[in-house]
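2 protein chains.
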Amino acid sequence: MSHDETDTLNIKFDETGLIAAIAQDSTTKEVLMLAWMNKEAFDKTLETGQAHYWSRSRQELWHKGATSGATQHVQEIRIDCDQDAIVMLIDQKGSGACHTGRKSCFYRMVESQDKLIFVDPISK
Amino acid sequence: MSHDETDTLNIKFDETGLIAAIAQDSTTKEVLMLAWMNKEAFDKTLETGQAHYWSRSRQELWHKGATSGATQHVQEIRIDCDQDAIVMLIDQKGSGACHTGRKSCFYRMVESQDKLIFVDPISK
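So the sequences go chain by chain: Z and F.
Each position in the first sequence, counted from 1, maps to that position plus 668 in my numbering.
Each position in the second sequence, counted from 1, maps to that position plus 668 in my numbering.
Next comes chain Z alone, as it looks inside the complex:
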């Protein structure tokens, strides 16, 4: 059956073995971050209920918040029509999803071709 009407999970990892994973706050519905998972990270996420990613910069499995305490507790995982992107509805622990100390990584608005406006300053 085609990817879009089957009830069988069959993730379409890209040519580097990754899938895009969006973390969305399960309460506010704010998009917190976009990161990447390989098969191992996806399996660990499903198994533990906490978000795991593949760090492309460090080239290693990344248990989000393992050192900072900013863990992400997964309430639900959704997959898209062609099974090459997921959305996780999560409960974000600690200071937030972003390494800058903000709750979301999407704290700037595009104002023009070259200008950004901060919409979520660091409040701590």
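Just so you know, the hints here were simulated from the structure itself, not pulled from any lab data.
Treat each hint with caution, since some may be false.
Since copy identity is lost for identical chains, a pair holds within one copy or between any two.
Unchecked claim - Below, in silico cross-link-like pairs of lysine-lysine (BS3-like), each with a Cα-Cα straight-line distance of 30 Å or less: (1) Lys680 / Lys783; (2) Lys783 / Lys712; (3) Lys761 / Lys707; (4) Lys783 / Lys707; (5) Lys761 / Lys712; (6) Lys712 / Lys680.
Following the hints, position chain F against chain Z.
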């Protein structure tokens, strides 16, 4: 200045010239789809106020909804800390964002390692 604290837009396109773009309903905050933009698609989106993507399957600029009427009117564009992903808050016209006729592409929940559950059947 580093990518994460500058107010200058400087999109970090990947090695294939693309950036991941998330379309989120500006009212319900539902994540509708994830697609890709090259520089031209991003510029067209900013210029016209309607979402344009780069179709990786067709290898061409894709004005979303140009033929189907399911255009996406952009209210706001956010960019993440390392400027390699964007979220668009949009007003979705027509039948929805998904080619299957659903509002969102994320209409299935991951139940287990191999099982999906449809949470948003086609209602039309």
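Outcome of the hint check:
1. For the homomeric pair Lys680 and Lys783, the shortest alpha-carbon distance between copies (15 Å) is at most 30 Å, but the shortest distance inside one copy (35 Å) is not.
2. For a Cα distance limit of 30 Å, the shortest separation of Lys783 from Lys712 across copies, 16 Å, qualifies, whereas the shortest one inside one copy, 39 Å, does not.
3. Taking CA atoms no more than 30 Å apart as the test, Lys761 paired with Lys707 passes inside one copy only; the shortest distance there is 24 Å, against 35 Å between copies.
4. In this homomeric assembly, Lys783 and Lys707 come within 30 Å of each other (Cα to Cα) only across copies, at 16 Å, whereas the closest approach inside a single copy is 37 Å.
5. For the identical chains of this complex, Lys761 and Lys712 are intra-copy neighbours only, at 18 Å inside a copy versus 38 Å across copies, given an alpha-carbon limit of 30 Å.
6. Taking the shortest alpha-carbon separations for Lys712 and Lys680, both the intra-copy value of 17 Å and the inter-copy value of 29 Å come in at or below 30 Å.
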